[in-house]
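Undergrad: Residue strings, one per chain:
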Amino acid sequence: MKSGSKLERILASGHFAVTAELGPPKGPNLEVVERKMQLLTGVCDAINVTDNQTAIVRLSSVATCAILAQRGLEPVMQMTCRDRNRLAIQADVFGAVALGVRNLLCLTGDHQCFGNHPTAKNVYDLDSIQLIRMIARMRDEGRTEGGEEVDGAVPLFIGGAANPFGDPFEMRVIRLAKKVAAGVDFIQTQCIFDMARFKEWMKRVVDQGLHEKVYILAGIMPLKSAGAARYINSNVAGIYVPEPLVKRMAAAGRGKAAQAEGMKLAAETIQEVREIEGVRGVHIMAVEWEEAIRPIVEMAGLLPRPVVE
Amino acid sequence: MIVAKRKPLAEIAANLQKVNKLLIVGCNTCVAVCLAGGEKEVAVLASALRLALRQTNPTIQITQRCVERQCEEEFNEVLTEDVAACDVVLSMACGVGVQTMAEQFPDKIVYPALNTSFMGRPLERGVWSERCAGCGNCVLDKFGGVCPIARCSKNLLNGPCGGSANGKCEVDPENIDCAWQLIYDRLKRIGQLDRLLEIEPPKDWSTSRHGGPRKIVREDMVL
Amino acid sequence: MPERPKIVLIGCAHSAGVALEELKSGAQRLPAHVEWVSIPCGGTLDELHILRAFESGAEQVMVLACYDGACRSVEGNKWAEKRVSAARALLEEAGIAGWRLAFHHIAPSMPLDLLRWIEEFREPAVAQEQPESSDREAKA
Numbered sequence: 001m002k003s004g005s006k007l008e009r010i011l012a013s014g015h016f017a018v019t020a021e022l023g024p025p026k027g028p029n030l031e032v033v034e035r036k037m038q039l040l041t042g043v044c045d046a047i048n049v050t051d052n053q054t055a056i057v058r059l060s061s062v063a064t065c066a067i068l069a070q071r072g073l074e075p076v077m078q079m080t081c082r083d084r085n086r087l088a089i090q091a092d093v094f095g096a097v098a099l100g101v102r103n104l105l106c107l108t109g110d111h112q113c114f115g116n117h118p119t120a121k122n123v124y125d126l127d128s129i130q131l132i133r134m135i136a137r138m139r140d141e142g143r144t145e146g147g148e149e150v151d152g153a154v155p156l157f158i159g160g161a162a163n164p165f166g167d168p169f170e171m172r173v174i175r176l177a178k179k180v181a182a183g184v185d186f187i188q189t190q191c192i193f194d195m196a197r198f199k200e201w202m203k204r205v206v207d208q209g210l211h212e213k214v215y216i217l218a219g220i221m222p223l224k225s226a227g228a229a230r231y232i233n234s235n236v237a238g239i240y241v242p243e244p245l246v247k248r249m250a251a252a253g254r255g256k257a258a259q260a261e262g263m264k265l266a267a268e269t270i271q272e273v274r275e276i277e278g279v280r281g282v283h284i285m286a287v288e289w290e291e292a293i294r295p296i297v298e299m300a301g302l303l304p305r306p307v308v309e
Numbered sequence: 310m311i312v313a314k315r316k317p318l319a320e321i322a323a324n325l326q327k328v329n330k331l332l333i334v335g336c337n338t339c340v341a342v343c344l345a346g347g348e349k350e351v352a353v354l355a356s357a358l359r360l361a362l363r364q365t366n367p368t369i370q371i372t373q374r375c376v377e378r379q380c381e382e383e384f385n386e387v388l389t390e391d392v393a394a395c396d397v398v399l400s401m402a403c404g405v406g407v408q409t410m411a412e413q414f415p416d417k418i419v420y421p422a423l424n425t426s427f428m429g430r431p432l433e434r435g436v437w438s439e440r441c442a443g444c445g446n447c448v449l450d451k452f453g454g455v456c457p458i459a460r461c462s463k464n465l466l467n468g469p470c471g472g473s474a475n476g477k478c479e480v481d482p483e484n485i486d487c488a489w490q491l492i493y494d495r496l497k498r499i500g501q502l503d504r505l506l507e508i509e510p511p512k513d514w515s516t517s518r519h520g521g522p523r524k525i526v527r528e529d530m531v532l
Numbered sequence: 533m534p535e536r537p538k539i540v541l542i543g544c545a546h547s548a549g550v551a552l553e554e555l556k557s558g559a560q561r562l563p564a565h566v567e568w569v570s571i572p573c574g575g576t577l578d579e580l581h582i583l584r585a586f587e588s589g590a591e592q593v594m595v596l597a598c599y600d601g602a603c604r605s606v607e608g609n610k611w612a613e614k615r616v617s618a619a620r621a622l623l624e625e626a627g628i629a630g631w632r633l634a635f636h637h638i639a640p641s642m643p644l645d646l647l648r649w650i651e652e653f654r655e656p657a658v659a660q661e662q663p664e665s666s667d668r669e670a671k672a
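Chains as they are written, first to last, in the working numbering: chain A, 1 to 309; chain B, 310 to 532; chain C, 533 to 672.
Derived by calculation from the structure, the hints in this document are not laboratory data. Wrong hints could be hidden among the right ones.
Listed below are the simulated DSSO-like cross-link pairs for lysine-lysine, each with C-alpha atoms no more than 30 Å apart in a straight line [claimed, not checked]:
id, chain 1, residue 1, chain 2, residue 2
1, B, Lys349, C, Lys614
2, C, Lys610, C, Lys556
3, A, Lys213, B, Lys451
4, B, Lys314, C, Lys538
5, B, Lys451, A, Lys121
6, C, Lys538, B, Lys349
7, B, Lys314, B, Lys477
8, B, Lys477, A, Lys199
9, A, Lys6, A, Lys199
10, A, Lys6, A, Lys247
11, A, Lys247, A, Lys203
12, B, Lys497, A, Lys203
13, A, Lys2, A, Lys203
14, C, Lys614, B, Lys316
15, B, Lys330, A, Lys247
16, B, Lys497, B, Lys477
17, B, Lys524, B, Lys497
18, A, Lys199, B, Lys417
19, C, Lys556, B, Lys314
20, B, Lys451, B, Lys316
21, C, Lys538, C, Lys556
22, B, Lys451, B, Lys417
23, C, Lys610, B, Lys349
24, C, Lys556, B, Lys316
25, A, Lys213, A, Lys6
26, B, Lys314, B, Lys327
27, B, Lys497, A, Lys213
28, B, Lys524, A, Lys121
29, A, Lys264, A, Lys2
30, B, Lys417, B, Lys314
31, C, Lys538, C, Lys610
32, A, Lys121, B, Lys327
33, B, Lys316, A, Lys121
34, A, Lys199, A, Lys247
35, B, Lys477, A, Lys121
36, A, Lys121, A, Lys203
37, A, Lys6, A, Lys264
38, A, Lys203, B, Lys316
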């Protein structure tokens, strides 16, 4: 056991894991956090809390994760390299661990031009691979990036992201291999809509034996409507919804009918990825739509969630 | 070379509303090459300023000069009388030239006419692109001659990030190539792809501007 | 008759210059308020020529260069058009309306077009409001 976190124990005991995303509010509004926590309780094994996602300022991940931990929920703290240098990152990691966080997802972070403070300076003192390695060393060797001894233990289950759809194609598996070499324990992929491409990527991952060195969770995003799909295609880097799926959503109509179709599609996607060798779970990203997670997990036949010692 | 572009005319004119005698000084090195502050540009700016100020400051007198390289005091010496005779110096050099003038003639007001942007190269006539960020510790040997610090929007050393698509950077897909696509392509061409398997450690930023303003002293050259 | 603003023509000698000669040989002339400046080729045009024209009292400037394919320096006419765009932007920054700078492609055989362009060279809204007055001036 690297961290003893609940997510690690679920994966280590062979269960198909389910993680979901919680987006904090644009201010210290604890009611929003409370509502979302309730929506996600009992529906997944761990809850990712985003870190100024898309460079939009929100209640910090470390603070929100602390609230989740206090409640007995299992947070996965997301941390990007955009807003903090190695000093602040290490300090926040110490803080997170002290407050009960045991899972950390290491990300590069969207450029600030996409968010609500486009004139800010960015940091990017480290990249995601250096971050993974730094945290792994803190945990396994008890040393900071500067070389000093860490006063206390840092039992963290270390995660990273993977994008089977972006990148120079040839680099996709190289990057995963590098993250594994840096010490990553689990991966959450970018949202899967192009199933063929995902299967191709997984095949290469398995060919290289990487699926045995890291737990891979497939990214799932439910679509609210055809319009949402088209918005993603035009505006969100790294995700692409193929035309047949856009048409399927369009055929479903609008409002509740479209949402129902989107959730059904997500559940089908989950069932399909479960059959792929090397996939050890799913990570569901329902942006500002946490209500969708329970129905999706239920439709996919993944409730109730297992209990582990 | 250093690449700069003229400031909006209104911004330049705003500082000159009450100025009687203006001296515009251009530079024949970098800013002449990037068509921003050479002799021609000085003449055009003088004319444009007279037109812009025709109602609010119609009696402004503008003297036009251009020196070889405004960052070296020896070249600026020839301006001594003109500088003494004017109220304000408007420098069309890069930020270095502007500051040299201010240091060389510390009792004179010196204003910049350009926005100095980056160290880069021309791609075609009228187009210049950033290439070097002056990090103080060149690692171009590791990345096939493509600089990840200057050319990657996130200065990643183990790129690319998830926002690389079709060889372009998510920050500005029309204008910015993904540096890591370029690095990959180059390393492949020169047979050094295995470099990409190595994890590049966190950068020592202390040699860059982050460590403070820098100075290089060649003791062997100082008498 | 309302007083006409001073217009400066800056024209390529090979096209505009020849058209002007055509005009003179037909016993016509440029209107009194129009001044003619000849340049050897559109490729020699600089923003400075245009700005200096405005500085010297011109209220409107018209640049004339060859059609694509007709320029002896191959791309001189394209260069001239680019310089006109750049100058127009600079003029706008200086508070001089962009319509006051015009650009036309011209061939040697087009002296009458030249006269018409000069006649029609006015602020866009004004041209629409007073169609009758231009008829009157033509008759007079």
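Undergrad: Which of the listed hints are broken here?
TA: Result: hints 4, 10, 15, 17, 18, 19, 20, 22, 24, 29, 32, 36, 38 break, sorted rising.
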